[in-house]
Amino acid sequence: MKKLLGITLALFVFLTTSCNDQSKDTNTLITADEMLDILQIEDAQLVDVRTPEEFNKAHIKDAQNIDYNSPTFDEDISKIDKTKPVIVYCKSGNRSAKCSKKLQKAG
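Going by our numbering, the first residue of the sequence shown is number 232, and it counts up by one from there.
Source of the hints: derived by calculation from the structure; they are not laboratory data.
One or more hints might be untrue.
For lysine-lysine, the following DSS-like pairs were computed, each having C-alpha atoms within a straight-line distance of at most 30 Å [stated by the list, open to error]:
hint	residue 1	residue 2
1	Lys322	Lys336
2	Lys336	Lys310
3	Lys292	Lys315
4	Lys288	Lys332
5	Lys329	Lys288
6	Lys333	Lys315
7	Lys332	Lys313
8	Lys310	Lys292
9	Lys288	Lys315
10	Lys332	Lys315
11	Lys288	Lys333
12	Lys336	Lys292
13	Lys333	Lys313
Build out the structure end to end from the sequences listed, making use of the hints.
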């Protein structure tokens with residue numbers, strides 16, 4: 232648990248996006264502590280967009296791995312439940328930001 236919390240804090244860049252409304256920008260940069268609070272009160276989907284190797288080294292409990300660099304990435308993110316909030320994370324925030332934009336375009 233301590234290792235997981237340490238990893239969570241090390242990632243420290245998280246993007247939250249809701250796929251419900253494309254008319255407004257719903258991306259929000261949050262801290263690791265804020266994310267932990269959100270995960271406890273909301274029925275959010277947690278998506279780790281790092282590579283499977285990065286994911287297998289360590290990941291946040293209940294996160295699903297959708298590799299941003301995978302050739303099936305667009306198909307994989309289209310399967311995300313659009314009625315629930317989505318929390319996307321990666322190592323530095325670059326891949327999660329790109330994924331967030333794709334999620335918004337996908338509706």
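Could you work out which earlier hints the structure fails to respect and list their numbers in ascending sequence?
none
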